[in-house]
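J.: Residue-level listing of the chains:
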Amino acid sequence: MIWPPSVLRIRIVGKDRKRIRLWIPLFLLWPLIVFAALVVPFVIAAVPRTRRELPIKSFLTIGPWLFVIFCAMRGLKVDVRSRDEQVYIALW
Amino acid sequence: MSEERRRILEMLKQGKINVSEAEELLDAVGELAGGEGPAEGQEPTAPVAKEKPKYLRIAVEDKEDHVDVRVPMQLLRSGIKLGALIPQSARTKIGEALSEKGLNIDLANLTPEMIEELIEGMGELSVDVEEKGGAKVRIFCE
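In the order they appear, the protein sequences are chains A and B. Reminder that position 90 of the first sequence reads as 89 in numbering that gives the first Met the number 0, one-by-one numbering, no gaps. Reminder that position 129 of the second sequence reads as 128 in numbering that gives the first Met the number 0, one-by-one numbering, no gaps.
Chain A on its own, in the form it takes in the complex (with noise of 0.2 Å):
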């Protein structure tokens, strides 16, 4: 079991040396996340052409894969750095 990420840390520096530095608690807001995957297939199937396009059995699908990548993204770090400006961001 894949448990989903915890924390999510931003760190952002511009070229005028202006910081960003967020630390996220998402466990906090996995009931949050949990909600919005059961809630995103009506929003989709709301969409007519996605209606006419998807299976049904997608539309079921879509939800928990949405939070199956979610979860999966645990670990995901993307730095991105140059001279001046720094991109951070990781997911634990």
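Check before you lean on any hint, since a few could be wrong.
Listed below are the simulated PhoX-like cross-link pairs for lysine-lysine, each with C-alpha atoms no more than 20 Å apart in a straight line [unchecked claim]: (1) Lys62(B) <-> Lys135(B); (2) Lys80(B) <-> Lys53(B); (3) Lys62(B) <-> Lys14(A); (4) Lys80(B) <-> Lys92(B); (5) Lys51(B) <-> Lys92(B); (6) Lys53(B) <-> Lys76(A).
For the record, the hints were derived by calculation from the structure and aren't laboratory data.
Add chain B to chain A, keeping to what the hints say.
T.: Frame of chain A, contents of chain B only:
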């Protein structure tokens, strides 16, 4: 030391064969032994289980720029499986575009076993590119 190798060395010692012939025989025995089980007196060793790669790392380094991306393999697995949710019309167009580039991949028919095989194969992946200007690109799995 296997029995065959011992016999070959005995024959060499007794002068029944010369050094070149002994070398050829040892090579032949070595090739045969490569396809067989353990030699006499040796316990069979269990095959070393290759650890599955957990992350795909992409690292680009320049004089001023530095990029480091680490993607969990689980994300790749889930992303590939999500391909089955793509509508048929879009899947057909994607398949045609990939075929034009020489890639005959049907995203909907990728089984979990194929995906695991692909990811296990990626464990051996290692790309190292170094430019004259000093820029380095590394792609590997860990």
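J.: Could you work out which of the previously given hints the structure breaks and list their numbers from low to high?
T.: Hint 5 alone not satisfied by this model.
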